[in-house]
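Protein chains in written order, with our numbering: chain A, 218 to 524; chain B, 409 to 735; chain C, 151 to 455.
You may find that some hints are simply not true.
Claimed, not checked - Chain A side only, calculated, beta carbon under 10 Å to chain B, not exhaustive:
#1 264
#2 305
#3 354
#4 374
#5 420
#6 421
#7 423
#8 426
#9 428
#10 431
#11 517
#12 520
What the hints assert, rightly or not - Lysine-lysine pairs mimicking DSSO-like chemistry, simulated, CA-CA at most 30 Å apart:
#13 B:471 with A:443
#14 A:443 with B:515
#15 A:342 with B:471
#16 B:553 with A:520
#17 B:497 with A:443
#18 B:534 with A:520
#19 B:515 with B:553
#20 A:443 with B:430
#21 B:515 with B:605
#22 A:342 with B:430
Derived from the structure by calculation, the hints contain no laboratory data. Predicted model, so just to flag it, every value in this text is computed and none were measured. We treat Cβ as the ideally placed atom computed from N, Cα and C, and that holds for glycine.
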Amino acid sequence: MFGYALRRVLTAIPIVLITITVCFFILRLAPGGPFDGERALPPDVMKNLRAHYNLDQPLLTQYLIYLGGVLRGDFGPSMVMEDFSVSRLISIGLPFTLMLGFSAFVVGTIGGMLAGAVAAVNQNKWPDYLLVAIVLVGIIIPNFLMANLVQLFFGVYLHWLPVGGYHPGSLIHLVLPIFILALPHGGRVARLVRGSMIEVLGTNYVRTARSKGLGTRLILARHALKPALLPVVSYLGPGLSYLLTGSLVVEQVFALPGIGKYFITAALNRDYGLVLGTTILYVFIILALNLIVDVLYAWLDPKVRYR
Amino acid sequence: MTDVLVVDDLDVTFALHDSEVKAVSDLDFSLAQGETLAVVGESGSGKSQAFLSIMGLLARNGKASGRAMMGDVNLIGLPPNELDRYRGKDIAMIFQDPMTSLNPTLKVKTQLAEVLVRHQGYDNEKANRAVVEMLERVGIPEPVKRANAYPHELSGGMRQRVMIAMALLCRPKILIADEPTTALDVTVQAQMLDLFKTLTHDFGTAMVLITHDLGVVAGIADRMMVMYGGRCVEKGPTDTLFYDPRHPYTLGLLHSTPHVAKRARRLDPIQGLPPSLEHLPRGCAFHPRCAFRFERCFEERPPLLPVEAVREKACWYQGELKYGEVA
Amino acid sequence: MAGITGKDAALTAYADALAAQAPKGRSLTQDALRRLFNNKAALLSIFVLTAIVLFAYIGPYLLPWAYDKIDWAGIRKPPDWAKGHYFGTDQNGRDMLARTLQGTQMSLLVAAVATGVSVVIGIIYGAIAGYFGGRIDAVMMRFVDIMYALPYILFVIILVVIFGRSPVLLFVGIGCLEWLTMARIVRGQTLSIKQREFIEAAKAGGARPFTIIFRHIVPNLTGPVVIYATLTIPEIIITESFLSYLGLGVQEPQTSLGTLISFGAPVAEALPWMLYTPAAILVTMLLCFSYLGDGLRDALDPKDR
Ligand SMILES: Nc1ncnc2c1ncn2[C@@H]1O[C@H](COP(=O)(O)OP(=O)(O)OP(=O)(O)O)[C@@H](O)[C@H]1O
Ligand code: SF4
Ligand SMILES: [Mg+2]
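So that you can see chain A by itself, here it is in the shape it has in the complex:
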C-alpha cells in the first residue's frame, strides 16, 4: 500500500512540472499582454515595467527564474494588482476557497451517498423517484443559473438568507454557496451510488451473504457498501475538478472572498502572473487530492494494490 502511494506521488511530480512549463510558455508566447491596455504607455515606462517583471530577459532565463521561485513558494508579482505578490493574493484567498470547497465536498459526498443508498434499497418506490427528480434538476441546471435562482428565491423574494458577502465566522452566508456547490456533486454521487448499489445488491456475493443469515444491516454495511462505493471513489477525482469550476462561479455570484474571484479578474485583465500562479496551485491541489482518492480506491479494492 505504501509502495503504491509512493509510486503515485512519483508519477504526479512530472505532471506538475509539465503543466507549469506548458502554461508558462503558452502564456508568454501569446500575443498581447497586461500592459496593452486601452491607452498606450510611453516607451520608457514600458521599458521599465518590462525590466521590472524580467520580461526583457531571454524566455528561458525567465522560465528558470520563475521555476526557481515556484519551488520556494514564490509565484512572482501580480502584474495588474501592482502592490501584491501572487503568493500574497493566494494566501488571502486560498483558505476561504479550500474551506468552501471542502465543506461542499463533504456535504455533497455524504449526502449523495446516503440518498443514493436509500434510493437503491427502495428501488422504484417513491424515495427513489424523488431522488431521481432532484438529481435531474441539480445536474441539468448549470450552477451559475442555479446560484442566481436560489439567490433570488431565498435571498431576494423570501429574505431567509443573505444574498451574498461573507465575514469570518458567519455560517449563514455559507449556506447557499455550499448548497449550490454540493447539489450537483451530491447528485452525481447519489446517481452513482444508486446504480452501483443496485448492481451490487444483485451480485452473487451479496446473495452468499444473505444465505449466511447475516441480517440486512450487516450485509449493507460490510458486504455491499465497500464495492458499491468503488465507482463513487473513482468519480471523486473528476468531481473535485467540477467543484473547482463551480467555486469560480459561486464566489462570483455570492461575492465571496476566495481565490476564484482573483483568478477570474486576472483572466479578464490578462494578468499572466496571477493566472499562471493560480493555475499551478489548482493543478497541484487537484493532483494531490486525486492521489488521496487513488490511495483510498486501492484500500477499497484489494485487486488494485497489486497492479
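Put chains B and C with the ligands on the given structure of chain A with help from the hints.
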C-alpha cells in the same frame, strides 16, 4: 429416519416485463436426516431456482409459493429477518459459481468468521480459529495464509473449497450444494466428493446435490430427482434409476453421460434442445424430444405417480424402455 | 464541465467495447442507434431540440423586431403582445425574444465549432494511436489519461487569456481540449477495424498507413461521431454559457445564452423576463440533451439498470 425437510407444492415464478415465467412447478420431495439427494436435469430446468427459493434468495422479480417445512417452520414466505435465524445455521448453500460468490473486497477469514459470530456467538478470535480448522478440514493447504487472503488471490478450486467450508461452519442440518464440483478438475472433483461423504457422515448433514453430471451422482447420492422444464419427472433411489430408468428423459440423460454410457457402448446426447420456460410444449413438456411419445402425450400432461413403492415418474408410457428405441 | 451526461463513463465503456468486439464493432454502434430510436424520451428530446434549432434560425425572420433594433418607446418593458415584444425588452429597448434567439444561435454555433474541432483532432490522434499500436499507442493514451486528471476549466481560462477577444478562436481552442474522449473511441474502433481482412489486403497491396486510415477507418466512424457529438455539444453549451456568464466568453454586441443570463441575473427582481427567457431555453436544451444522453447510455450498455 426423520425428515429434515419436506417440500410440498413448490412453485417459483418470475415476473418479466409484461408476462411471467414459471421456473419451478408443483415440486414435492422430502429429505431425510443424513441422506444425500441428487437433483439432476439439463441447464435451465429449474434446479437452482427451486433451492434458492427455499433459502429465500430469489432475484427481486421472483416469487415462491408452497411449503418447505423444516421441522414445523415453513421457510417459504418467511420474512428475511426470521429466515436469518435458520439460514447459514440449519440450512446452508454452496453456490454454483465460486468465482463470483465470494466478496472480492473482504478477506476469506472475514467472510467465514462472520457466520460463527452471527450464529454461534463466538468472539472474533475464537471464530478465526474455527475458520482455520475448517479450511484445513476441506483440504486447503496453509490454511492460515489462505484465511488472510482475498478471494482473487485463490485459484478456482481453492475458492470452491472456501465456499464449502463456509457452508459447513455451523454444521447445518441441511446442505444444498449447487454444482459444487463443476469448477474443479476431475481429480479434485473426486476428492471433494469424498470430502462431502465424510462430512455428511460425520456431521449427520442431509445434502442436496444439484448437478447435471450423472457421473457424480452415482457414487454419492442415496436418492435422485430428475427435473425437466421446472417439474420433477422421475424420482427414486439412485441405483434403481440408474439400472432401471422408467422415464424416457432419465434414460436419455443416462445415455448422454460418458461414465454411465460405457455399459451401453454408445454415447448419445438427447436430441433437440431443452424447452424455453416461456413456451413450454403442451401436454408432456418432453414430447418434442421423446422417442416413446404417442397421442396422449401431445394433449395431456402426465402427473407424477408412484411406480413402485419407492419411486415415482411422470410419463404416460407404460411399456418397457429399450435404449435402442431412442431416436 | 463534463458530467451532465456522464459522457466520459459511458463513452469509455463504449470505446473499450469497440476495441474488444473486434469484427462486430460496427454493429455495436448500429444496435445502439436502433435501441435509441425505440426510446420515447430520447425521441421526444430529438424532436424538441430540432424545433429549438429551427426556431433559433428561422424565428428571427418572423419576428417584428431584430435583435439589435432599439425600440425607444419600449425600454425595460414586460411582455407586450400588441407591440410584438412577446418576451419583453431589455434596458436598451431591445426585444428579448429576438435576442434570446440570437443568443441560442451563437451558443449552438460555438458548440458546433468546438465539437467539430474536437472530432477532427480526436480522429487523427485516436487513429494514429490505434493504427500504430505498441509503444506509440501506450504513450499517446497515457497522455490522454493524464489530461483527464487535470481540471479542464483551467486550461479553458488560459485560452481565454490568450484568445480573449475572439470567441471563435476561443472555441476552436476549447475544441483542442475536448478531444480526449473522441480519441479513445477512435482508437478503439481503429483497433477493431485493423484486424479485418480488407485492411490486411490493403496493407499487402502496399497502401500507406495514412491512406488506409483515411480510406478505410475514417468512413467507419460515422456512428461513433454521432454518439460523441450528442454528448459533447451540451457540454460545450454549458462551458460557453459558463464562460460568458463570467464575462470571459461571448461579448457584446454579440450575445449568447450565457451572456444574456449574466445580464438578466442582476436585474431579475425588477425585470424577471430578462433572466427567465434565456434560462428557459438553456434549461430546455440541456434537459433534452440529458434525456438523449441517458437514452444513448442505455442504448450503448443494454444491460438494464
Ligand atoms: N431473475 C429471473 N428472471 C426470469 N427468469 C429467471 C430468473 N432467474 C432464473 N430464471 C429462469 O429460471 C430458469 C431456471 O433456472 P435455474 O437457474 O434454476 O436453472 P438450472 O437448472 O439451475 O440450470 P443450470 O444447470 O444452468 O444451473 C431458467 O430458464 C432461467 O431463465
Ligand atoms: S409422457 Fe409421452 S412424451 Fe412424455 S416422456 Fe412419457 S412417453 Fe415421452
Ligand atoms: Mg443452476
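Close enough to count: is the Cβ of residue 517 of chain A nearer than 10 Å to one in chain B? At about 7 Å, which falls below the 10 Å cut-off, the nearest Cβ of chain B leaves the hint on residue 517 of chain A intact, so it holds.
Mind checking the CB of residue 428 of chain A against every CB in chain B and telling me if the closest is under 10 Å? Status holds, d = 5 Å.
Given hint residue 520 of chain A paired with residue 553 of chain B - CA-CA distance at most 30 Å: Given pair residue 553 of chain B, residue 520 of chain A holds - Cα atoms ~17 Å apart, limit 30 Å.
So, residue 421 of chain A near chain B? Judge it on the closest CB pair being under 10 Å. holds (4 Å)
Have a go at the residue 426 of chain A hint: is there a Cβ in chain B nearer than 10 Å to its own Cβ? holds (7 Å)
Within 30 Å, alpha carbon to alpha carbon, are residue 443 of chain A and residue 515 of chain B? holds (13 Å)
May I ask you to test the interface hint for residue 354 of chain A with respect to chain B, counting a Cβ-Cβ separation under 10 Å as satisfied? violated (28 Å)
Would you check whether residue 423 of chain A satisfies its interface hint, that is, whether its CB is within less than 10 Å of any CB in chain B? holds (8 Å)
Holds or violated: are the alpha carbons of residue 515 of chain B and residue 553 of chain B at most 30 Å from each other? With a Cα-Cα distance of about 11 Å, the restraint between residue 515 of chain B and residue 553 of chain B holds, given a limit of 30 Å.
Starting from residue 497 of chain B, check that the Cα of residue 443 of chain A is at most 30 Å away, please. holds (26 Å)
Between residue 443 of chain A and residue 430 of chain B, does the CA-CA distance stay at or below 30 Å? violated (35 Å)
Hint residue 431 of chain A vs chain B: min CB-CB distance below 10 Å? holds (6 Å)
In summary, the structure is inconsistent with hints 1, 2, 3, 4 and 20 from the numbered list given earlier, while agreeing with the others.
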